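Residue numbers (the working numbering), protein chains in the order written: chain F, 48 to 273; chain L, 48 to 273.
Take every hint as true, because none was put in to throw you off.
It does not matter which identical chain is used: a pair holds within one copy or between any two.
Straight line, CA to CA, 16 Å or less: simulated EDC-like cross-link-like pairs of lysine to aspartate or glutamate:
1) Lys-218 <-> Asp-70
2) Lys-200 <-> Glu-227
3) Lys-218 <-> Asp-142
4) Lys-218 <-> Glu-140
5) Lys-200 <-> Asp-230
6) Lys-218 <-> Asp-71
7) Lys-218 <-> Asp-81
Simulated from the structure, these hints should not be mistaken for lab results.
In this text the structure is predicted, and so the values were computed from the model without any measurement.
Number of protein chains: 2
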Amino acid sequence: MTTQPLSPTTRTTPTRGRNRQVDDRRRLMALLSDALVAHLGVVVGAHPVVLPVAFGVDAAGPDDGGTLYLHGSVAAGWLAPALEQDVCVTVTELDGLVLARTGFHHSMNYRSAVVIGRPRRVTDLEERRRALDLVVDHMVPGRAAMLGPATRKELAATAVIALPLAEASMKQREGGATLEPGDLELTGWAGHVPVRRVASAPVTEDYVSEPVPDAVLRRVAELGRG
Amino acid sequence: MTTQPLSPTTRTTPTRGRNRQVDDRRRLMALLSDALVAHLGVVVGAHPVVLPVAFGVDAAGPDDGGTLYLHGSVAAGWLAPALEQDVCVTVTELDGLVLARTGFHHSMNYRSAVVIGRPRRVTDLEERRRALDLVVDHMVPGRAAMLGPATRKELAATAVIALPLAEASMKQREGGATLEPGDLELTGWAGHVPVRRVASAPVTEDYVSEPVPDAVLRRVAELGRG
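Using the sequences and the hints, build the whole thing.
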């Protein structure tokens, strides 16, 4: 895994809130590991489209900075445009609501990463299989090994694209409400409300006789039992 | 609030997964009410940028279909470009991990809305104050009424933009794993893991002597106590 600092270019350098910028690539990788959904921004026609997508990460992947893998239907409208332009993938985890004494300083605690790059369509069969396994294992580590290999028909229906993790930035806000010097003279409650994601007990399909796999139970525990 | 169906144009009609399309505007408004973070897609220079943003909603707002309000620093790099183009705002809530017998049918349960439109910069002082109150009340309903009005300096530093909710689409997936006819002959566990957001007890700033307001406690309970 590369240890280059984040934000190597002006276009991934935040114009605002630089105090919240994070320059540690390990924290980017930790955020990508925590998050389950990414938002992909692609220009389709004359306007941007932002779509929620699952993803997988290979920190030692073939692309500069490691590889972020996305997949989609070969019939998806965003696929062809995405291969002809630079796209943006943003991953955000909400960590809390920040309630200051002023509306102006109301905020959120969060971690957010912005990755910009030119997607590469993955054509090599081995890399495609590996990328799809990474997407499945991103949901539940160890899950891919429980499943049979993708069929030829499934592979033909699925496009896999790779985005280098080289050009990325990360911002984070944590802790309590920002206090302006004058705010101490105000009255009223201020503080923050931690927010997090939890999972509930797995729901087994009625045609299944096998027990819930340990890997799934571990994932539920890791996400925090709801 | 308009009752027009969603997806009135081709560019907000999903190209894939039309079975997951939701045509009920009330469910769009319910999703916007549930979600705390939106992702704004804007073309800045030669590529899209996707940024997490707080937002507020006025179902009876002055724009066609109601109004989605965003705010940001007047110095934000995305602001000027956003006012000269159509942008996309996407709101996604993750509801679960779907673990099928095949990797191909691994999926997520989610609700996601895509809104496309030309932002309008809000200049009217009354509408700006109201919009900023809506953003604060989106975090904790009733919070804005506890705070003093924004100062002239705060208002001068804050841009408010309005996006019509007219051109929007929504997709939703819920329930268990998709079963292909052949999957019954496979073995192995399949099911889904419900996922949701919870809040923890509010953390009061150490300079505050007032108790946690009821509105904040209600919000924590509503989000689900963690």
